[in-house]
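Undergrad: Going line by line, the protein sequences match chains E and S. Numbering-wise (the numbering used here), the first sequence opens with residue 1 and increments by one. Numbering-wise (the numbering used here), the second sequence opens with residue 1 and increments by one.
Because the hints were derived from the structure by calculation, they are not lab data. Hints are not guaranteed to be accurate.
Partial list, derived from the structure: chain S residues whose beta carbon lies under 7 Å from chain E [unchecked claim]:
1. VAL83
2. GLY166
3. ALA307
4. PRO311
Derived CB-CB ranges, DEER-like [as the list claims (entries may be wrong)]:
5. S/GLY25 with E/ASP359: 48 to 58 Å
6. E/GLY239 with S/GLY171: 29 to 39 Å
7. S/ASP54 with E/ASP359: 42 to 52 Å
Every residue gets a Cβ at the ideal spot worked out from N, C-alpha and C, and that includes glycine.
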Amino acid sequence: MTPSAPSPLSATPRPRTGPRRVVRATITTLALGLALTGCSSAVAEKGTADVGSEPQEGGTLRLGITTDLLPTSVFSNASDGTNTLIGLVYDTLIDYGPESLEPQPSLATSWEQSEDGRSLTLQLRDDVTFHSGREFTSKDVEFSIKNTFADPAWAVQLQRTAAAITEFDTSKPNEITLTSEQPLSNIFDLLDMVPIVDEESFAGLKDGSEYVGTGAFTFEDWQPGASMSFARNEDYWDGAPNLDGVEVSVITDANAEVSQLRAGQLDAIVGGSFRDLRSLEKSGDFDVQPYEGAENQYYVGSNVEHPVLKDVKVRQAIAFAVDRQRIADDVLQGIGYPTVLPWPEYSPAYDEGVNATYDRDVAEAEKLVSGVGKIDPIPLQYQASNPNSEAIAQIVQANLEEIGVPTELRPTEHAEFIAQLIGAEFEGLWITNHSYAQYNPSTLVVSAYPFNAEKNASRFSDADYTKNANASWTLADPTSGDAGEVYDALNKDLLDNVFLTELAITYQVVTTSTAVQDVAWSKRSELDLTDAYLAE
Amino acid sequence: MTRYLLRRLPSAAVVLVLASMAIFGMIRLVPGDPAATLAGPDATPESLAQIRADLGLDQPVWSQYVDWVQSVMTLDLGRSYRVGGEVSDLLGDAAVNTLALTGFALLLAIVMALTLSLVTVIVNKPWLDAFVAGLNTLAVAVPTFVTGFVLVLLLAVLVRVLPAGGTPPDGFLARPDISVQYLLLPGICLALPAAAALARFLTDALETQLEQPYVMTARALGISRRRIVWTQALRNALPAAVAVLGLQVGTLLGGAVLVEAVFAWPGLGQLVERAISSRDYPLVQVLLLLSVVVFIVTQLLSDVVHAWLDPRIRLGGVA
Numbered sequence: 001m002t003p004s005a006p007s008p009l010s011a012t013p014r015p016r017t018g019p020r021r022v023v024r025a026t027i028t029t030l031a032l033g034l035a036l037t038g039c040s041s042a043v044a045e046k047g048t049a050d051v052g053s054e055p056q057e058g059g060t061l062r063l064g065i066t067t068d069l070l071p072t073s074v075f076s077n078a079s080d081g082t083n084t085l086i087g088l089v090y091d092t093l094i095d096y097g098p099e100s101l102e103p104q105p106s107l108a109t110s111w112e113q114s115e116d117g118r119s120l121t122l123q124l125r126d127d128v129t130f131h132s133g134r135e136f137t138s139k140d141v142e143f144s145i146k147n148t149f150a151d152p153a154w155a156v157q158l159q160r161t162a163a164a165i166t167e168f169d170t171s172k173p174n175e176i177t178l179t180s181e182q183p184l185s186n187i188f189d190l191l192d193m194v195p196i197v198d199e200e201s202f203a204g205l206k207d208g209s210e211y212v213g214t215g216a217f218t219f220e221d222w223q224p225g226a227s228m229s230f231a232r233n234e235d236y237w238d239g240a241p242n243l244d245g246v247e248v249s250v251i252t253d254a255n256a257e258v259s260q261l262r263a264g265q266l267d268a269i270v271g272g273s274f275r276d277l278r279s280l281e282k283s284g285d286f287d288v289q290p291y292e293g294a295e296n297q298y299y300v301g302s303n304v305e306h307p308v309l310k311d312v313k314v315r316q317a318i319a320f321a322v323d324r325q326r327i328a329d330d331v332l333q334g335i336g337y338p339t340v341l342p343w344p345e346y347s348p349a350y351d352e353g354v355n356a357t358y359d360r361d362v363a364e365a366e367k368l369v370s371g372v373g374k375i376d377p378i379p380l381q382y383q384a385s386n387p388n389s390e391a392i393a394q395i396v397q398a399n400l401e402e403i404g405v406p407t408e409l410r411p412t413e414h415a416e417f418i419a420q421l422i423g424a425e426f427e428g429l430w431i432t433n434h435s436y437a438q439y440n441p442s443t444l445v446v447s448a449y450p451f452n453a454e455k456n457a458s459r460f461s462d463a464d465y466t467k468n469a470n471a472s473w474t475l476a477d478p479t480s481g482d483a484g485e486v487y488d489a490l491n492k493d494l495l496d497n498v499f500l501t502e503l504a505i506t507y508q509v510v511t512t513s514t515a516v517q518d519v520a521w522s523k524r525s526e527l528d529l530t531d532a533y534l535a536e
Numbered sequence: 001m002t003r004y005l006l007r008r009l010p011s012a013a014v015v016l017v018l019a020s021m022a023i024f025g026m027i028r029l030v031p032g033d034p035a036a037t038l039a040g041p042d043a044t045p046e047s048l049a050q051i052r053a054d055l056g057l058d059q060p061v062w063s064q065y066v067d068w069v070q071s072v073m074t075l076d077l078g079r080s081y082r083v084g085g086e087v088s089d090l091l092g093d094a095a096v097n098t099l100a101l102t103g104f105a106l107l108l109a110i111v112m113a114l115t116l117s118l119v120t121v122i123v124n125k126p127w128l129d130a131f132v133a134g135l136n137t138l139a140v141a142v143p144t145f146v147t148g149f150v151l152v153l154l155l156a157v158l159v160r161v162l163p164a165g166g167t168p169p170d171g172f173l174a175r176p177d178i179s180v181q182y183l184l185l186p187g188i189c190l191a192l193p194a195a196a197a198l199a200r201f202l203t204d205a206l207e208t209q210l211e212q213p214y215v216m217t218a219r220a221l222g223i224s225r226r227r228i229v230w231t232q233a234l235r236n237a238l239p240a241a242v243a244v245l246g247l248q249v250g251t252l253l254g255g256a257v258l259v260e261a262v263f264a265w266p267g268l269g270q271l272v273e274r275a276i277s278s279r280d281y282p283l284v285q286v287l288l289l290l291s292v293v294v295f296i297v298t299q300l301l302s303d304v305v306h307a308w309l310d311p312r313i314r315l316g317g318v319a
């Protein structure tokens, strides 16, 4: 049935909210919006207000990041937001140079280690204050080590080293002596990583509301999932930074982040696909700066209890078969290089000859697997959200297919992947990346989970490896001749057993417009903008 | 009208309770451990156990559900495991951004749909019908993220006239002229499919009206087609379009997930994505429950408006 006809037009009173009124209102609103659009430009405002005409003080750097601050993992090096916050707001006792393990002064001006390596005395600066105005003393060092890295609740790398420090002599405000039961070869790694935090505001740090350090910038505000802001610390002990402040935008989609950089809404970004970054670099308007000295490594992990992978010959065949050069060229776009050992070239454990052990040799790989018999497809997992891992997984799958080791790609969601990594629950192979080989070798084999001799995701356990890992950790002098022998033994353990097949070393990258100058970073990939400035 | 509304409320309440159970159960069936995500790759079994205990995840599931329902009923939404901060604060901040975006997109969709439909029906030319139908098909068929990238490329990267993404730095109210520019690209991107769907329904409804006897009578009296459309047919066609509009609000909120990602818009869509990927149970549960509430309320409002426009519905008659 159709509705009955309404009254004749002449007899119909005009409805109070008739269609005309609705149409008129919407058109008026749209017209108003368009008129407002013509008033001033959001792009122009953002693009011109912050960039200075020449190298000078002032200006706010607009930085894009893809992963937000994680208050519960603030010491875990777990996200761009966390790294940015720690790098801007906090100082450490020492700093390593970019591609070096030589400690440089920071809050500590000098140090002296006992001959047995069990005791380290540091002289501290006497002109440092927290952003709250409180003076920095040796007690802050003790508080920071005990309540950050030594506290298992934060679940950070080097927890074992921090917890091994048993005595803190803080009798002098500008001197501290750290004592341990055993020599700690990686104690300077710890001092390079531990941010000096403020005891009075530590509760705020835990709930993400307050971050008080001694660094070049003060924490102003955090809008979860959206932004962070920082202001210049006028009283910074090393001289106030050039920038007035830093505005950080959280842009979870890497393509959107790159678009905003191209559009001039941002001055710098951390992250983005390597292919996009190369394209930006070619335009001549942007500088792509890999965090050299803060390496991380892509690897293929093996569950050594898998029926096929428990045969070390198969694992060695995988190490011979993978095309590392293709991964470095095609996936990493040259922002990295192939490697067999985990160590970067400046590491005391790096050995060029040994690093050639598994140069690609398909014939050797085929020979190694020839006696294994029929191999059913082995699951090969990678993080679904990581385009680099996905591309590497496809290359590895093709490489292994070539030698008669079929695999089944299994993209795995981040949360599930981490749970399986921690629980050592990967069924067969997996691809991800690790870090910490840029520090003293013991930091990797004692603390980094994939390599941890005590417990690792590969379920690999070996008495010699455990012994050598502990020997590297308790070296009184990690650069001595004895150390070389320990590292040789460790390299032999890693390469003979190949429970992890290293693929390539790569870097976190910061991409800036050419106006941004003198950006630096720490060995933990934390952005350092102390000397950065905006030029024309 | 009140009685009509009261008749609809019990079924809405049942849907809400069932949805809360489904949400609570399903998020726990998804592989992945919030404690492991929280602890990171270097966690020890002891720290994992401690985190589980701190979060109450070591309690029986039914007990966790009862605790959650009690908390929600007292408006204590709890703290986010992973994202950080109070769930209510996170929700409030993100909701403002999403509502601004979807509200703007809805307005654009209505304007676009009204314009297209009215022009099509009033001009009444086959070539225009075909052209508008083609546009509608394109708007529905092209995914919003493709539209988004094209708009960004054209209007933010190649010709830098609008921001590529993000929200107004000083909020929506401080500088309306700036806010509109931030809203335009994501708003258009989000509005296009909704406008297409709305335009199709409105055009059909208008054409149905124009075939009614009262229109023939009016035409016989010499009243122009345009006047009939403006003064009579549009009002009579609106009930059907309003019902579709109610559905489109839900579609717009759903579509905001992708659009927010493309335009780095820190709204509910992005919050849902982060919460789910990190198994942030308190946040996921509240966000999904909220989406159910929004759908229920929207449908109720749509039905009420529909009933207001068409008395046969509120009186229980047949259409």
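Undergrad: Take the hints in turn and mark each one as holding or not.
TA: Hints, verified against the model:
no.: 1; hint: VAL83; in the structure: holds, 5 Å
no.: 2; hint: GLY166; in the structure: holds, 6 Å
no.: 3; hint: ALA307; in the structure: violated, 15 Å
no.: 4; hint: PRO311; in the structure: violated, 10 Å
no.: 5; hint: S/GLY25 with E/ASP359: 48 to 58 Å; in the structure: holds, 52 Å
no.: 6; hint: E/GLY239 with S/GLY171: 29 to 39 Å; in the structure: holds, 34 Å
no.: 7; hint: S/ASP54 with E/ASP359: 42 to 52 Å; in the structure: holds, 49 Å
Hints 3 and 4 from the earlier list are contradicted by this structure; the remaining hints agree with it.
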